[in-house]
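Engineer: Single-letter residue listing:
There are 2 protein chains.
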Amino acid sequence: MRDETSAGRVTLAQVASQAGVSLSTVSKVLNGRPDVSAPTRIKVEELLDTHGYRRSAPAAPEAPLIEIVFHELDSTWSMELIRGVQSVAKETGLSVVLTETGTRHSPGADWVEGVLRRRPLGVVLVFSTLPDDLKKKLWSRAIPFVIIDPAGDPEPDVPSVGSANWAGGLAATRHLIELGHRRIAVITGPEDMLCSLARLDGFRSAMGMAGLETAPALVRFGDFHVRSGHTHAMELLRADDRPTAIFAGSDLQALGVLEAARVLGLRIPEDLSVVGYDDIPLAQWSSPALTTVHQPLVEMAEEAARMLLRLRRADRADQSGRAEQADTRIEFGTRLVVRDSTAEPAAGGAAR
Amino acid sequence: MRDETSAGRVTLAQVASQAGVSLSTVSKVLNGRPDVSAPTRIKVEELLDTHGYRRSAPAAPEAPLIEIVFHELDSTWSMELIRGVQSVAKETGLSVVLTETGTRHSPGADWVEGVLRRRPLGVVLVFSTLPDDLKKKLWSRAIPFVIIDPAGDPEPDVPSVGSANWAGGLAATRHLIELGHRRIAVITGPEDMLCSLARLDGFRSAMGMAGLETAPALVRFGDFHVRSGHTHAMELLRADDRPTAIFAGSDLQALGVLEAARVLGLRIPEDLSVVGYDDIPLAQWSSPALTTVHQPLVEMAEEAARMLLRLRRADRADQSGRAEQADTRIEFGTRLVVRDSTAEPAAGGAAR
Chain S
1 MRDETSAGRV TLAQVASQAG VSLSTVSKVL NGRPDVSAPT RIKVEELLDT HGYRRSAPAA
61 PEAPLIEIVF HELDSTWSME LIRGVQSVAK ETGLSVVLTE TGTRHSPGAD WVEGVLRRRP
121 LGVVLVFSTL PDDLKKKLWS RAIPFVIIDP AGDPEPDVPS VGSANWAGGL AATRHLIELG
181 HRRIAVITGP EDMLCSLARL DGFRSAMGMA GLETAPALVR FGDFHVRSGH THAMELLRAD
241 DRPTAIFAGS DLQALGVLEA ARVLGLRIPE DLSVVGYDDI PLAQWSSPAL TTVHQPLVEM
301 AEEAARMLLR LRRADRADQS GRAEQADTRI EFGTRLVVRD STAEPAAGGA AR
Chain Z
1 MRDETSAGRV TLAQVASQAG VSLSTVSKVL NGRPDVSAPT RIKVEELLDT HGYRRSAPAA
61 PEAPLIEIVF HELDSTWSME LIRGVQSVAK ETGLSVVLTE TGTRHSPGAD WVEGVLRRRP
121 LGVVLVFSTL PDDLKKKLWS RAIPFVIIDP AGDPEPDVPS VGSANWAGGL AATRHLIELG
181 HRRIAVITGP EDMLCSLARL DGFRSAMGMA GLETAPALVR FGDFHVRSGH THAMELLRAD
241 DRPTAIFAGS DLQALGVLEA ARVLGLRIPE DLSVVGYDDI PLAQWSSPAL TTVHQPLVEM
301 AEEAARMLLR LRRADRADQS GRAEQADTRI EFGTRLVVRD STAEPAAGGA AR
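So the protein sequences, as listed, match chains S and Z.
Counted from 1, the first sequence has number 71 at position 71 by the UniProt record's numbering; the numbering is strictly sequential.
Counted from 1, the second sequence has number 292 at position 292 by the UniProt record's numbering; the numbering is strictly sequential.
For reference, chain S alone in the conformation it holds in the complex (with noise of 0.2 Å):
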C-alpha cells in the first residue's frame, strides 16, 4: 500500500531516519506517549508537517469518544453545548470526554498529548482561534475537529458551526421599533470579538432603515455578563433623557438590566422595554421572563458533533482529507421569542 516514492506520501521510517530516531520514536510522538524528550518530538513533528504526513485512517482502532474543549466552564452556555454533544454520542454509542483549559486561550500541549492518547473519533472545540501546531497534530492523526464559534470569528481553514449575530440584532431592534420605541439603547459584548460588533451593526441598520439616529451615548460595550449589563442600564437610566428600551446583547446583561431598573423603581415593560440575546434556559424564568434572540446552542452543538462523524466517514471513504474539512461552515439562524419583557412605550414617551 505504502510506496515511499507514491504521491508525495511519506513513511513513518522516513521520518525517523530523517531525524535520526528509531522508528518505535516516532510512533510514540504520533500517538502522544510521554516517554520521548521535547527537542525530539518537535523535530518529528516538524518533519511530519514538512511531508505533510497523515495517518491512514482508521490506522487503529478509535475509542468511542468525543471531546468537547471549552475555555471555561460556565453554567449557562456551556451547559446547552454539551447536552447537544451529549444527545448525538447517546444516539450513536458514544460518551463524551470533558476538558476546561481554564484559559481564555487555546488548549495547551498537554492537552493535545492527551487527545492523541486517547484517539477519538474527533473533537468539539468551543472557542474561535486554534494555533497551527495544534491544528497540525489533530490533521496528521487524522483525528477530525470542529469548531463551535459563538463568536463569529472562525479560523478560515476549520470547519464550524456558527449563528447569524447579525440578523439576530436585525431582529432585536425592530421589535422595539415596532412597538414604537424611537429612543433605543444598546449593550453589546467585548469590542474585541465579532458576534458583539455584529450584534450592534445589526442594531445600527435596523435604527437606520427606521430613519432613527443613536447618540453615541446609549451606545454600550459589556462583557456579555450580569454586571456589566448592570452597570451600563444604572448610568443610562439615570440620565435624563433615558431610553425608554435597551437591546443588552446578552441574556446575563439583560438580567443586570432588570435589576438596575428593579433598584430605580422602574417597572418593566411598563416603563423600560428590555431584549436579551442567547434565549439560554434562565431568560425565561427571570421576573418578567425575557423576550430574547434565540441562539440554537443545543441544535449547534449537535450539528458539530454529527459534523465530526460525517467527517471521519469521508476521511475513510477519501484521504484526500485536508480540502474538504476546510470548506464547512454553518450557520445556524437565530429568532426573537417574545416573552414578558418588552411593550409599547408609555404613552407620551418615558423620557420627556
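If you're looking for bench data, these hints aren't it; they were derived computationally from the structure.
Treat the hints with caution; some may be incorrect.
In silico EDC-like cross-links for lysine to aspartate or glutamate, where the CA-CA straight-line distance does not exceed 20 Å [unchecked claim]:
{"hint": "1", "chain 1": "S", "residue 1": "90", "chain 2": "Z", "residue 2": "74"}
{"hint": "2", "chain 1": "S", "residue 1": "90", "chain 2": "Z", "residue 2": "113"}
{"hint": "3", "chain 1": "S", "residue 1": "90", "chain 2": "Z", "residue 2": "72"}
{"hint": "4", "chain 1": "S", "residue 1": "135", "chain 2": "S", "residue 2": "45"}
We have chain S; now place chain Z onto it with these hints.
Structural biologist: Showing chain Z alone in chain S's frame:
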C-alpha cells in the same frame, strides 16, 4: 501469586471451568467486550459474584479518566457538579467522561459495559439508587464509585457525599422568624424525596421552637422546578390571609414565587420575603437577588472525585476493599446567604 485454595479467592480459570466457557470468554465479560452472548455473560457474572471475585488492582493499567453520570443534565445543578469533578481532574491530569442516562432511573447495562471497556479510575454517580448488579459489576472489576446524593437518601453500602438538608431548612426558617415573620409558608420538593422531607422538618422544628403554628394550607409539595413554585405561590398569595414570607425549597421554585409576586403586584421584599435553597449561580442574578441556603455543589463534587482517588489508593494498598468503602459518608454543611429577597414584614402585617 494466585492460589486456587487461598483465602477463598477464585481464579478466572475456575470460573471458566464452572461456567463451561473458555478463559478468554471470562476475560471478555470482565472487560465489557460486546462479543459474548447474554446468557453466558449472566452465568459468568453470577459465578464472579458467588465467589466474591475481585480483580487485583491494578490488574491492567487504568485509563486516566473519571466518569460522571447523571440521570439528566439540567442547566443549573449539573454544571456545578461537573465543574467540581473537572477541577479535581485537572489538578491530577485526568479527563472527565460525561454520561446522561436519560431516565429518572439507574443507568442501564449498556452503560456498565462501556465503563468496563473504558477502565476509568473511578465513577461519580449523581443519583441515590444503584441496582445491585451494577454495584457488583463495578466492585468485581475494582472500579471505585461514589454517589453524590443531594437527595439525602444514599445506599447504605456505597460511599457518598451529601449535604445537611435539615439544618438548611432550619436556618432558612429561623432567618424569617428573626426578621419578625409569623405567617410563613413553605414549598418543599416532592414528598418521596428525603431531602424534601428533611428541609420541611427543619422548617417545622424552627417554627415549633419559636412557638409558632403552621396552618396545613401553608405547607406545599412542589417538584423543585420553577412552575411548581409559581403555581403554589399564586394560590398562597391570592388567599385572604396570605403569608408574609415563603421558604421556597429550591432556587428554581423561588424564581416561580418571584414571578407570582410580580404578576400580583406584590413587591419583594417589602410585601413578601422569599428564601430559596441551593444557591445556584442564578440566585444572585435574579431580581432581587435571592436570600438562599448555600449548598456547596462544587465542593461536594470535588470531594466525591477526591474520595475516588483515595479509595483507589486504599484499594491498591489493601485488598480488603469493600468494607472500607462502605463506611464513607461525607455530609457538607449548608449556610444561609442573605441577599435582597428578605426583609422585615411591612408594619402592621401585610396579611391583616
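Engineer: Each hint needs a verdict: does it hold in this structure or not?
Structural biologist: Going through the hints against the structure:
1. 90(S) / 74(Z): holds (16 Å)
2. 90(S) / 113(Z): holds (14 Å)
3. 90(S) / 72(Z): Holds: residue 90(S) and residue 72(Z) sit about 12 Å apart, inside 20 Å.
4. 135(S) / 45(S): At roughly 12 Å apart (the allowed maximum being 20 Å), residue 45(S) and residue 135(S) satisfy the hint.
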